[in-house]
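**Q** Sequence:
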Amino acid sequence: MAAVEEAQFWQAIGILIKNYHALNKKIFEVVITQVKKQQDGRVCESSAEELAKSLKQDPNKRTCTGFTIGFKLLSKKLADNILGTGIVDFEKCLYECQFGSDSIEDFSVGLLGGEFQLKSKSNTNWLEFVLRPKLISWSQSKQDEAKVKSLGLVNVEKYNDLYKELKQRHSQRLLEHWKTAQESTDPLKFIYEDLAIAAYLMVLWSQTQSEPTAFADLGCGNGLLVHVLNAEGYKGYGYDIRKRKLWSLYPPDTQRSLIEKAVEPNNFRLDFPDVDWLIGNHSDELSPWIPVLAGRLNINYFLLPCCPYELSGAKFRRRNTKISAYQDFFQYVTQVSHECGYEILQDRLKIPSTKRLALLGIRRKASKAIEDLEYFVQEELRKYKTGDAEIKLREKEESVRNCTQVDKSIIDGLVFKIFKLILDSNEDKWSGRLPMRQIAQALTKEELSGIKSECGGIKTLLRNKHEVFEFCGGDLIGIRTPKPTAALPKAHLTIKKRSCFFKLHHPLGCPLEDAECSFIH
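If you count by the working numbering, then the sequence shown holds residues 867 to 1387, one letter each, in order.
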């Protein structure tokens, strides 16, 4: 590895100061509470901005010898947060971190001979296998100043405290609802995600003094966000084209607030005149319409865009291929918001989802005429060859798209082909691994088109055939080694109904005895 230069060292320390939570999963965020600098033998008040500037500065141009930083580590689970002190010493090229808790060990990072020098009393494994790799990565990273900071619009400490309270108040009962409704989706992901969004909105509304008289969540899905906000005293409603099983398990007030109704953009009317906030929480086809509908009603909106769609309901057509499809779509929805006359605020939420960028329209410019908005919408529909009558969003009946509706002969053909590819990749016929990309490239266009319309495509197909294939991490796919039934949990034991794939198709047969295998030999 190349020697670490002094500028790279201080770049890594600058990132470490603000991102200690990246090194400790028990910490939610770091909040800097005080900054003081050492200058001309005196200690003076300073700021986080001056600290960041000095860390990036040429050593010969610095006017101070170091900083003392007071910070607070916001705990994810503990009631009390942890106080800490960071000491930056430019002359010694040293950063020391001291904590006011025995649960976290003090440490220091220095630079000597082009290498990071890490010290702590006993936690050497953490220093070498967690801290050092991060510091090396941070020292070499290119800083993107334009990147949207996480939770930049809200007080992070208030948000974290409220999020912990909401989890304590709601998560257990919601898990029970999930079990009762026999939902197939991951309860922890959806529950914690919507509790986090609820906490974010509550803090945002309080801080911006824009609390809703009532809100409407368009495309509310399972209605979880509506339920939590209602339970916390916020009046609001949820609209979705299909009623979900969970709806009937919520309290009567929430049930009355969930409306089974299609949101047709050109004739949609809210049933409640007091609504002054629209919410689009991963609202799929409705995402680009949220700013438009809010603009027509002249109200505020919160949007967390997810899957990219045109205003027509068709799949999104890329405008800028130099960035990711998600960023491209986010930029497009931002443009739609500007065309609707909104002053846009952007933020990045901390939720268990890769789609975390949020758009907020809180103030609409009075000079923006509704006619301009409608003209923009019609131009978009015209450019992408879609007239008013052709706008088609979600159907009431949800189609099954998990590869189970694809013709069995197509599925079997793909399974055998992929199995043979992996089989031939290693001489022992068991330990072969292939990247997903290589598997996709080995299939013909016709084979791919057979499952193209199914959610997940090849990945879903392979997951459905979990008795044959396994995901080995790093996008690698391998052949699953059969396990004897004695090694399986009792809950997974079932009556044998299907023939053993390996007995029939593996050149070495199944490695298990008849009695050990979960399938018929």
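Hints in this document: simulated from the structure, not taken from any laboratory. Computed from a predicted model, the values in this text were never measured in an experiment. Treat the hints with care, as some may be off.
Computed list of lysine-lysine pairs in DSSO-like fashion (alpha-carbon distance at most 30 Å, straight line) [said to hold, decoys possible]: (1) 942 x 1127; (2) 1221 x 892; (3) 1045 x 958; (4) 884 x 938; (5) 1033 x 1008; (6) 1188 x 1000; (7) 987 x 892; (8) 1045 x 1000; (9) 1101 x 884; (10) 919 x 1015.
Each pair of labels, with its calculated beta carbon distance range [what the hints assert, rightly or not]: (11) 915 x 868: 46 to 54 Å; (12) 923 x 1121: 12 to 20 Å; (13) 1380 x 1329: 41 to 49 Å; (14) 1380 x 1127: 50 to 58 Å; (15) 1119 x 1297: 41 to 49 Å.
Idealized CB from N, CA, C, for every residue including glycine.
**Q** Give a verdict on every hint.
**A** Status of the hints after comparison with the structure:
1. With a CA separation close to 38 Å, the supplied pair residue 942 and residue 1127 exceeds the 30 Å bound.
2. For the proposed pair residue 1221 and residue 892, the alpha carbon gap of about 23 Å is at most 30 Å, so the pair holds.
3. A distance of roughly 58 Å separates the Cα atoms of residue 1045 and residue 958; the hinted pair therefore is violated under the 30 Å criterion.
4. The hinted pair formed by residue 884 and residue 938 meets the criterion: a straight-line CA distance of about 11 Å does not exceed 30 Å.
5. Distance restraint check for residue 1033 and residue 1008: the Cα-Cα separation of roughly 36 Å exceeds the 30 Å cut-off, and the hinted pair is therefore not satisfied.
6. At most 30 Å may separate the alpha-carbon atoms for a hinted pair to count; residue 1188 and residue 1000 meet this at roughly 28 Å.
7. Between residue 987 and residue 892 the CA atoms are separated by roughly 21 Å; this keeps the pair inside 30 Å, and the hint holds.
8. A hinted pair counts as satisfied when its Cα atoms are at most 30 Å apart, and residue 1045 with residue 1000 does not qualify at roughly 39 Å.
9. Between residue 1101 and residue 884 the CA atoms are separated by roughly 37 Å; this puts the pair beyond 30 Å, and the hint is violated.
10. Restraint check for residue 919 and residue 1015: the C-alpha separation of about 17 Å stays at or below 30 Å, so the hint holds.
11. Roughly 31 Å separates the CB atoms of residue 915 and residue 868, a value that falls outside the hinted 46 to 54 Å.
12. At roughly 60 Å, the beta-carbon separation of residue 923 and residue 1121 lies outside the given 12 to 20 Å, and the hint is violated.
13. For the pair residue 1380 and residue 1329, the beta carbons lie near 27 Å from each other, so the given range of 41 to 49 Å is not met.
14. Remark: the range hint 50 to 58 Å for residue 1380 to residue 1127 is upheld by a beta-carbon distance near 56 Å.
15. At roughly 57 Å, the beta-carbon separation of residue 1119 and residue 1297 lies outside the given 41 to 49 Å, and the hint is violated.
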